[in-house]
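Mind docking chain H on chain L? Use the hints.
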Amino acid sequence: QKEVEQNSGPLSVPEGAIASLNCTYSDRGSQSFFWYRQYSGKSPELIMFIYSNGDKEDGRFTAQLNKASQYVSLLIRDSQPSDSATYLCAVHSAGANNLFFGTGTRLTVIP
Amino acid sequence: ETGVTQTPRHLVMGMTNKKSLKCEQHLGHNAMYWYKQSAKKPLELMFVYSLEERVENNSVPSRFSPECPNSSHLFLHLHTLQPEDSALYLCASRPKTRGWGMNTEAFFGQGTRLTVV
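Chains L and H supply the protein sequences, listed in that same order.
Under this note's numbering, think of the first position of the first sequence as 1, with each following residue one higher.
Under this note's numbering, think of the first position of the second sequence as 1, with each following residue one higher.
Everything labelled a hint here was simulated from the structure, so no lab data went into it.
Do not rely on the hints blindly, as some may be mistaken.
Negatives, chain H to chain L, calculated, CB over 12 Å [as the list claims (entries may be wrong)]:
#1 Glu24
#2 Ser38
#3 Glu44
#4 Ser62
#5 Glu67
#6 His73
#7 Val116
Straight-line Cα separation of at most 30 Å, DSBU-like style, residue types lysine-lysine; simulated pairs [claimed, not checked]:
#8 H:Lys40 - L:Lys42
#9 L:Lys67 - H:Lys41
#10 L:Lys42 - H:Lys22
#11 L:Lys67 - H:Lys40
#12 H:Lys22 - H:Lys41
The C-beta atom is built at its ideal place from N, Cα and C for all residues, glycine as well.
This is chain L alone, in the form it adopts within the complex (with noise of 0.2 Å):
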């Protein structure tokens, strides 16, 4: 059973578009979620992180918790070419030394 899973993409928006990435986990004593963005044959780097249900909003990104569905999302409002990435959703369980990683979703913003 994979613990977090996300749909691999390539996800497509135009320019100016709302993008959604959605990502779902499996334990359900997960306690910190984060959004991390990888360029090609870049380093992750972190976005966002959330703890607690609800939206969580940063400039043009909104992370979005739903413990009871085991679910997290990540919004990036007026789209831009420079999102074009792969977007890493990762999860971490209280107690464990280990973030754990769902595939990434490979967006693409079309100018």
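Coordinates of chain H only, in the frame set by chain L:
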């Protein structure tokens, strides 16, 4: 730049070679990690060092041997690798806390692209 430096960036090695990957950070972090990233697979945790002590080893084959001489440096020694070991190897560091709470994000190095021929 994240403050985590990995060398070399690219490595091609034969199955009988011995090589080492190096990771260095001067962020004051005291937990360091090796991850393996293969195509179409999630990032896989290989080793965790906390305060220079190995705290996790996820059933990694013995042909991978980590070394953490101090909190700023982490090595991954490679010997008699197989072609399926070809992947991107990522080092990460973070401050050691009780959990992955606020301000405890992992900072990744640029990775070493390893090809085993």
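Least C-beta distance between H:Glu24 and chain L, which was stated to exceed 12 Å: Nearest chain L Cβ is 14 Å from H:Glu24, so the label holds.
Given pair status - H:Lys40, L:Lys67, alpha carbons within 30 Å: holds (26 Å)
Assertion that H:Glu44 lies outside the chain L interface [Cβ separation over 12 Å]: violated (8 Å)
Nearest-CB test (12 Å) between chain L and H:Ser38: violated (10 Å)
H:Lys22 paired with H:Lys41 [C-alpha distance capped at 30 Å]: Between H:Lys22 and H:Lys41 the Cα gap is close to 23 Å, so the pair holds against 30 Å.
Non-interface claim for H:Val116, where every Cβ of chain L lies beyond 12 Å: Nearest chain L Cβ is 19 Å from H:Val116, so the label holds.
Agreement of L:Lys42 and H:Lys22 with the hint, judged by alpha carbon distance not exceeding 30 Å: Holds: L:Lys42 and H:Lys22 sit about 17 Å apart, inside 30 Å.
Restraint check for L:Lys67 with H:Lys41, where alpha carbons must lie at most 30 Å apart: holds (25 Å)
Distance rule for H:His73, whose beta carbon must clear each one in chain L by more than 12 Å: holds (18 Å)
30 Å limit on alpha-carbon distance, applied to hinted pair H:Lys40 and L:Lys42: Distance ~16 Å between H:Lys40 and L:Lys42 Cα, so the pair holds.
Chain L versus H:Glu67 - minimum CB to CB distance exceeding 12 Å, so not interface: Correct as stated: the minimum Cβ-Cβ distance to chain L is 18 Å, above 12 Å.
Minimum Cβ-Cβ distance from H:Ser62 to chain L exceeds 12 Å: Nearest chain L Cβ is 20 Å from H:Ser62, so the label holds.
Checked against the numbered hints above, the structure breaks hints 2, 3 and satisfies the rest.
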